[in-house]
Every structure is written in structure tokens, then in C-alpha cells.
Amino acid sequence: MSAFADDPGHETASAMAAPSPMQVRDRLGFRFWLPAVWIAIVVALATTANLLPLPSPIETDFAALSNWPDRTHWFGTDQLGRDILSRAIFGARISLTVGLLAPALGLGIGMLLGMAAGYFRGRVEAVIAAAMDAVMAFPGILVVLAVTAYVGASVPLLVIVLGVLTVPTFMRVARANTLVFAQHDFVLAARAMGATHWRVLSLEILPNVVIPMLIYALLVISRIIVVEGVLSFLGLSLPAPWPTWGNMIADGQVDLATLPYIPFIPAALMFLTVLSINLIGERLRARTDLRGSAL
Amino acid sequence: MTDAGPALLEVNNLTTHFHTPRGPLRAVDGVSFSLRRGQTLGIVGESGSGKSALARTIIGILSKRRTTTTGRIAFEGRDLLTLSEPDMRDIRGRDIAMVFQDPTSSLNPVKRIGVQITEVLARHLGLRGCAARSRATELLTSVGLSLPEERLHQYPHQLSGGMRQRVAIAIALACDPKLLIADEPTTSLDVTIQAQILDLLHRRQKAHDMAMILISHDLGVVAGYTDAVAVMYAGQVVEQASTRSLFRNCRMPYTAALMRSAPNLSDPPHTRLRAIAGRPPDMVLPPPGCRFGPRCDHATDICRNERPTLSASDAVGAHLYACWHPVASPGASA
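Each protein sequence line maps, in turn, to chains A and B.
Per my numbering, residue 48 is the first one in the first sequence, and the count goes up by one each step.
Per my numbering, residue 760 is the first one in the second sequence, and the count goes up by one each step.
Since the hints were made in silico from the structure, they are not lab data.
Source: prediction; values computed, not measured.
Don't be surprised by glycine CBs; every beta carbon is placed ideally from N, CA and C.
Treat the hints with caution; some may be incorrect.
[To be verified] To spell it out: a stretch of chain B is covered by chain A in this simulated footprint if at least three of its residues, at any positions, have a beta carbon under 8 Å from a beta carbon of chain A; those stretches are:
no., stretch
1, 812-826
2, 840-854
3, 1004-1017
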């Protein structure tokens, strides 16, 4: 041990120097926090919509048809006299539920398949890749059209259909990342310490792959919110009278020239929400990349 | 290598073939050696000579789908090649452990040091919670890391290269293995840290009467820290002797060429390195005779047509080499 006496001190010095650049990097900035606060507000309103003192989103106020914003209806009413603020908040429920659950489903299945394909390679990869190519070959909008026409639209159905359509891209991202991390010696080291393949995948590779996957999932969430809006606009999502941002825009476009605020409110909400999610995703991506290069 | 005591590890005629589109690649081709407790065997050879393939074959982490292994690896009398995968997994990490070349790559970047150590303790020793944490702290102290408690909460990128390799060694030694395979443990570290890491390995080895296989392409490292040396070329052991005998009195022209190619401090500046001309042979279609023949100054017809066997040179029978025209005994290693 004595031959080493000066060594710990030397190595402490290098470790002490580390915290200062770390603190600089830890600041996420207003470009992260502003969108994050917005998302928090939207999520809070959507989840507590039943408890809020809001007028019913589906009942008509005959005294106020196509009203501009005033004191009783903060965001005005639509052509059928329904409160737009209430409809927008209840509409957020659908957008967020589908927007979160569909990518979650895609992420779950895609990550499992992608990690298996990237780690085991060979026949496993060939079968999975072929299955994904088949899924990708389906024209998405036609699948949704066919399924909703056949079974009728519902939130679980939208989640499943849109979720399955996102599986191939999640699988590709997961496979690409797994290929990279499976090359690292820590996989061999774990095997050399007696780990099973399952243990290597779940304890060594998964923690590495999950970070880029979650950041990619944010992009998919914003895309699915828009896609759900498009489907609603086309009348393929939940049937009237239940509000979604998409069908509110669709209803509003009829009188766009005289009552522009009706489609403007849900469109602005969707715009801000999608923009916020993208900004958060971008910030997190930049940050994890930084950490990657610091390695 | 002839001393008394039963062998801990006895490798007999071990071959490992990698499946390639062109046919089997003979990464390890008929290697035999034995190792006792407390002993260190050095394996030297240039890149691609099969050193790492040999190490990975012994610990059994090569893909069974992409490689074929034959021969016998007796560890404490049990043939590792015939053990079931679950039995083998229990041996890996507990009885045989491995340290890799690059600690930046061999530690998981997103997991705290403490987690990486305690996982192994839980896997093999069933230690959890406080017991695992205190053992982890103990291990980090034993490999010479300062502030071990704090290190447990750090990530690998917060440590220097030398510290990372110490952590990797702590993980490898977590279960007091009987055999440690160190695959170029100092190659990615700078020279001052190299000596510290090798001293550390040496001390831990003495403390636990552990056997070690030290793989290196650095003859200096091997000379200082091993009891016996096997020189590998193109998947085969071409010379094998006690470290003392090998460095004093090497017989195989390849070993001699390796020793000559190391730069010497006493050389004048800008002396050309005495590199070995040519390239190692194609391991899918190796030459029929001596594998070093095409690059050897002493090669004759017999070298090109007939393969020399690894055999004893002297009455003692401890210095083995595979060569038709061994270089002269004394002074060959100058």
C-alpha cells in the first residue's frame, strides 16, 4: 500500500474539478421551463376538467349562440351555443390521452422488438424487420378509416391503431441504439460476470437505450396529437357531440370568415402544446448529447 | 511450470474457430497450458494473434452460434466446455473474472459505480442492501480509490481513466475469483498509471493467492509481472517458458523479433523501429508449414512445408518452442 501513498490525493484532485462544468450544464433555461409550465397547465386542466366550475361542453346555451368572448363564456360559444373554453379543456383530454397512450404502446412494443433485433441479430432480426416493413407498408389513414368504419371510433381503438402504426419507427430507433451499445465492452463484461442475456438486455442495455427512446417518444407524441386532430377533422375520431381539438376546428371552419375565434382557440391550443413538446424534446436531446460527448 | 501442486486451470489442445463467410477462421488453434494458484501466465503476441479470443474462449463468452470450440479447459478438474450454460454462468464472475482493456467502454455509462458493483455481489454472493454497500466500499478501498463512499454515487464519466480501471478491477475481484483474466488491462492508460494498475493487480493476486492470465502486447509489462509466458502467433503458442528463461534465452525467431522490435531507450534519436516485416497470415487459409515462416529470416524449405510442434528444447523440459531453426541459445534476447 505504501507505494501508493501519493496516489489517492492525485486522483481526488481530478474528481474535484468535475462539478463546475456540471453545474453550468444543469441549467435547462426558459426554453425548457416555459413549455414545461404550459404542458403542466394543459395536463392539470385536462385531468381536473370534471371538478372545474365549467359549463357543460355538450349542452347548448340558447341565449348565447356564436357569442364572442365575454364574462360568462371566456372564450365565447360556438354555433350551437356550447362553451368553447369548456370544450377546449375536455377536448384536451382526448388529444392528450391518445397522444400519450398511443406512443406509449408503440414505445413498449417497439423497444422490446428493437432491442431483441439489435442484440440477437440473425434470424430474430430478420423476422422482426420483415414484420415491421409489413406494418409500414399499410397506408395509415386507410387503416384508421377502415377500422373506425367497421367497429366505430373509440379512444381505446384510436390508441391501439395509432400505437401499432408507431411501432416500426420505435423499433428502428431501439434497434439502432441497441446495435451501438451492444458493441461496448460493458456487455461483454456483464457476460463475463455471469449475466444472462435477459439480464444484459434489461440491466445493461435498456438503461442506455431508454434515454434516446423517451426523447424520440416526445416527437411522436406531438405528431400523434396532430394526427388525432386530422382524424377528428375528417370525422374519423370520436363522434359528435364529444369535443376534440380536431372536430372543434372542423366545426369552426364553416363560419371562419365571420367567427374566426371558434377554430382559432383549439388550433392555438394544439399549436402551443405541440410546439412545447417539441421544444422540451429538443432541449433534452441537446442535453443528453452533451453528456454523451463528455464521456 | 513444473512445480508441484495441482493445476487450477489446464487448457488442452484448445481450438476456437470463428464462422466467417469464407470458412472457419482459426482464431485459437491448438493451445495448451496449465496454471496453478497464485501463478501468473503472460500471453504476448501482436494484434490478431488470438490472445483475446483465447481469453474469451476460456471464460466462455463467445457466441456459440458464431464460433466452434474444441479441446478441453479443465478448471479445478471440471471441463468448462461441457458445463451447462447456467453452471458456467455461476463460475463466471465468482471463480473466473475478467478485466477488459478499455474501462471507458467496460463500465456502463448510465449506471452509478455502486450499482455496478452491488449487482455482482447480489448475483453471486446474495449480498443486498447495507451488506452489499459496505462490501462495495471495502472493495473500492482495496483498489486504492479515495472517498469510496462518494464514488458509489458517481457515474463513470466523473472518474479518470485510471480510476475507472480500478473500479473495473474492483468489480472483477468482487467475489474473490480464483482466476483473473486481464485482457490488456493497461493498454488504454498512460504509462504512469500502468505501473500503478499492474502493482495493484499483483498485490491483490498475492493477497488472495489468485491465478492470473495477463494478456499484453507489451513485453516490458509481461517481463515484470509474470511467472511464465506464452508467445502467441496466428492462433498458436509458438514459445512457452518461465519468464526468466524466455527473456534470457528465447529460441523462437518470432519471439526474438518481437523483442528486437521494442524501442530501446539507449537507441539514438530517430532510430528506425525494427518492425517485423510482412503481415500475419490469413487465418482462414493458414500456410501449411510454420505460420511465421513467410516472415522469418531463418526460414527454409522445411519451414514452408512442415509444421513444427511445440516441444522441449533442453533437459529440463520447461522451455517449449515450435521452430525448425531455433535461434542460438545465449544472447538471443539482446
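* Looking back at the hints listed earlier, which ones does the structure fail to meet? -> 3
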